[in-house]
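2 protein chains.
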Amino acid sequence: MSAPLKVAVAGLGVVGAETVRLIAEQGEILTRRCGRPVIVTAVSARERGRDRGISLDGIEWFDDSATMARDADADVICELIGGSDGIARDVCDAAMAAGRHVVTANKALIAMHGAGLGNTADAAGLTLAYEAAVAGGIPIIKALREGLAANRVTHLQGILNGTCNYILTVMRETGRDFSEILAEAQAHGYAEADPTFDVDGIDAAHKLAILTSVAFGCVIDFDAVHIEGIRHIDAIDIRFATELGYRIKLLGIAEMTDGGIQQRVHPAMVPIEAPIASVEGVFNGVVTEGDFVGTTMFEGRGAGAGPTASAVVADIVDIARGRGTPTFGVPTEELQTLRVAPMDERIGLYYVRVMVHDKPGIFADIAGALRDSQISIESAIQRGRAEGGIVPVVLTTHETKEAAMQHALGLIGALDSVAETPRMIRIETL
Amino acid sequence: MSAPLKVAVAGLGVVGAETVRLIAEQGEILTRRCGRPVIVTAVSARERGRDRGISLDGIEWFDDSATMARDADADVICELIGGSDGIARDVCDAAMAAGRHVVTANKALIAMHGAGLGNTADAAGLTLAYEAAVAGGIPIIKALREGLAANRVTHLQGILNGTCNYILTVMRETGRDFSEILAEAQAHGYAEADPTFDVDGIDAAHKLAILTSVAFGCVIDFDAVHIEGIRHIDAIDIRFATELGYRIKLLGIAEMTDGGIQQRVHPAMVPIEAPIASVEGVFNGVVTEGDFVGTTMFEGRGAGAGPTASAVVADIVDIARGRGTPTFGVPTEELQTLRVAPMDERIGLYYVRVMVHDKPGIFADIAGALRDSQISIESAIQRGRAEGGIVPVVLTTHETKEAAMQHALGLIGALDSVAETPRMIRIETL
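Quick note, the sequences are listed as chains A and B, same order.
Sequence positions in the first sequence follow the numbering used here and run -19 to 410.
Sequence positions in the second sequence follow the numbering used here and run -19 to 410.
These are calculated hints, taken from the structure and not from any lab test.
Possibly wrong hints are sitting among the right ones.
Heads up, the list lumps identical chains together, so a pair's fine if it works in one copy or across two of them.
[To be verified] With a straight-line Cα cutoff of 25 angstroms, these simulated SDA-like cross-link-like pairs (lysine to any residue) come out:
no. : residue 1 : residue 2
1   : Lys(-14)  : Asp271
2   : Lys(-14)  : Ala360
3   : Lys381    : Gly225
4   : Lys(-14)  : Glu314
5   : Lys339    : Ile361
6   : Lys381    : Glu27
7   : Lys(-14)  : Arg303
8   : Lys(-14)  : Ser359
9   : Lys(-14)  : Ser356
10  : Lys381    : Asp201
11  : Lys339    : Leu389
12  : Lys(-14)  : Arg32
13  : Lys339    : Ala104
Just so we're clear, the structure is a prediction, and the values are computed from it rather than from any experiment.
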């Protein structure tokens, strides 16, 4: 039996506490899978007294996480504090400076500073692992870096934020509005008090930036992600989506185009029969296209203490077994800087909803605006009459460029009979 | 740059040739992901002259695969011949005796001889890798051995045979019979001339036995798998399944029960909304339940040259990077021998179809047989009248034991008015 692998856990929130609990409860299984025991030797958190439902007997306590990262008797530091800067960053820097491996669940940190941290880790021959940062319990980083390593990935799309997927699922099931469901989700603890990171797509964008780097072998580039959230999705759009054979999902998409790599997070309509359409509620899902393997899909719980701790400990098992991999699958200094294909160059189908004053000729005006933007209409629904009132006109288009669609939306929005800013949702078929 | 990893490929059928092609075409990407070049140094096959659409320039040719495994200038031997014994076995034995790692796509070999081969590999510190043996391009072995290593798996179910799934999918889509679709699949090359291994469930059982060992940390035990194929699935059962809200799939199931580990391959009805129900055509899918991660699902192409070569080369990348793992996730000698829960102890729901002579009282007789077997009826459909003719009676049950169901089927089959052996399909809800 080899010497135990010693782990220090920085941050004892729900994930940190669950990680300590998992390592204690699965001791026998982990020893066999690691070829050596895994033990928690140190923890750090702000409040020492709080009851976290776990035993900390025999575990050294540190009030300061960065001090622990440097001084604890540990081979691996788990950074489970969160945030792209501040203490979390200090912990990772201190740990690697002291020659310790780092395991983190921190997507913001990796998305913003992954390149620098990866260089440090690779140069020192240390592991910087972050399976728990993306899609919770789904081993998607391992799948992309190792399981699909023989492939050139051409396309990747994912449901990466469970809060948004939960809200969109309940909106569809109940027919109710975004703001109501969000308020309920907050009351139940499924959504944060400040929901901005989730519902405005930033959390999904962090995760997408990480996946893109691993899948395409390019330098992580969070600033290149086009980001739209789900606040503007109305109940009426969900109904029309169902009628047209689609589900609305907040997708993170990365694809290699003729013009370079494109990364975008936005609500999208996906065909009901597409595998990703069946990823509902708090679940996450990732679909990849590889040149040899074809389409592969991974689905599981995207958040929560258990799934996140499962991913954290999987990274620890890799370290215990000596299974090393460069941070982003290839040495960080060999990551490529790819041309960024701007959002204007997105090519695809579109759904457009226009609320109009119900007068003769309005449909011709909208169709004219699309024609003048070189866009051809695939289907149109003009339902419900309300003489003098406001009614929806819904259109789907054939394949067109984003720039043309934005041009058309400008023309349509300026029409006299149009009552509100037109709503557009991209249709994604894989 | 480290020295190249030298690979010898035994068997140049579609998978072997595709593996050689992949390694040549993805040279740049593999070098970065492996930290060293991967080169094919030797190949072996029976017919030297055949055009396989690949260049073998500079690659040493062997007529005898076992000789190549022993003598070739190679670090890794890929066994892509197939078959549980004979040459395939000789190649693996010869390779490991000569200190070479082995990568194989051979499910029969691993299912039948995995324990012995695993002991040899573990004792010699060699890798015996077989990602390609199960579920084609899906990195499910890696997911179970590494990605979900922090979990105690409690339940696993998979669609593990693409031929059966294709036949069942087309039967549902067209309403046509098994034998017709099988004949077409054979004509198109989707099914073998001798379809026994596929349609009788043996291929799925090989794969299930492997998954079970990896997921539950137990000694591989192919003989413990209860096996039924899909030959007795009729078009009428597919129609009733749809009406009842189910899809019929050939499932491989492994679960830990109070009575031990249960492994079984048989047709099953799964709820239409279950993620595995949407795995259609030639795709494979595996759903696992882990105690911390919850439900995780993996889906992708289960066969074909590209997906299989993708999995073979993923194993090669692991070897090139020095990422070693015991054959079944834990040292083979530490695998547990678990009590086998016999099929009689399966507890669950059942679908039963009885073809009866349409006379008064027959329904009461069938209901009586179920009552006498302590089984309660959940729903019943008696549709279509044909005075004096034969009509179906369809029942679904509440939870009951397999032994009780077999008892009831005996009683029902012996009833005077019953025209054919009753058909039973297990309902699986996860």
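Now for the hints, and whether the structure bears them out:
Proximity of lysine -14 and aspartate 271 under a CA criterion of 25 angstroms is satisfied inter-copy only: 23 angstroms between copies versus 40 angstroms inside one chain copy. Proximity of lysine -14 and alanine 360 under a CA criterion of 25 angstroms is satisfied in neither setting, with 63 angstroms inside one chain copy and 59 angstroms between copies. In this assembly of identical chains, the alpha carbons of lysine 381 and glycine 225 lie at most 25 angstroms apart only when taken from the same copy (22 angstroms versus 41 angstroms across copies). Within a single copy, lysine -14 and glutamate 314 get their C-alpha atoms only as close as 31 angstroms, which misses the 25 angstroms cut-off; across copies the closest is 23 angstroms, which meets it.
Taking the closest pair of Cα atoms, lysine 339 and isoleucine 361 come within 25 angstroms of each other only inside a single copy of the chain (15 angstroms); across copies the shortest separation is 53 angstroms, beyond that limit. Within a single copy, lysine 381 and glutamate 27 get their C-alpha atoms no closer than 53 angstroms, and across copies no closer than 52 angstroms, so neither meets the 25 angstroms cut-off. For the identical chains of this complex, lysine -14 and arginine 303 are neighbours both inside a copy (16 angstroms) and across copies (20 angstroms), given an alpha-carbon limit of 25 angstroms. In this homomeric assembly, lysine -14 and serine 359 never come within 25 angstroms of each other (Cα to Cα): the closest approach is 61 angstroms inside a single copy and 56 angstroms across copies.
In this assembly of identical chains, lysine -14 and serine 356 lie within 25 angstroms of each other by CA distance neither inside one copy nor across copies; the values are 62 angstroms within and 54 angstroms between. Within a single copy, lysine 381 and aspartate 201 get their C-alpha atoms as close as 23 angstroms, which meets the 25 angstroms cut-off; across copies the closest is 56 angstroms, which misses it. In this assembly of identical chains, lysine 339 and leucine 389 lie within 25 angstroms of each other by CA distance solely inside one copy; the values are 20 angstroms within and 68 angstroms between copies. Taking the shortest alpha-carbon separations for lysine -14 and arginine 32, only the intra-copy value of 21 angstroms comes in at or below 25 angstroms, while the best inter-copy value is 52 angstroms.
For the identical chains of this complex, lysine 339 and alanine 104 are neighbours neither inside a copy (70 angstroms) nor across copies (82 angstroms), given an alpha-carbon limit of 25 angstroms.
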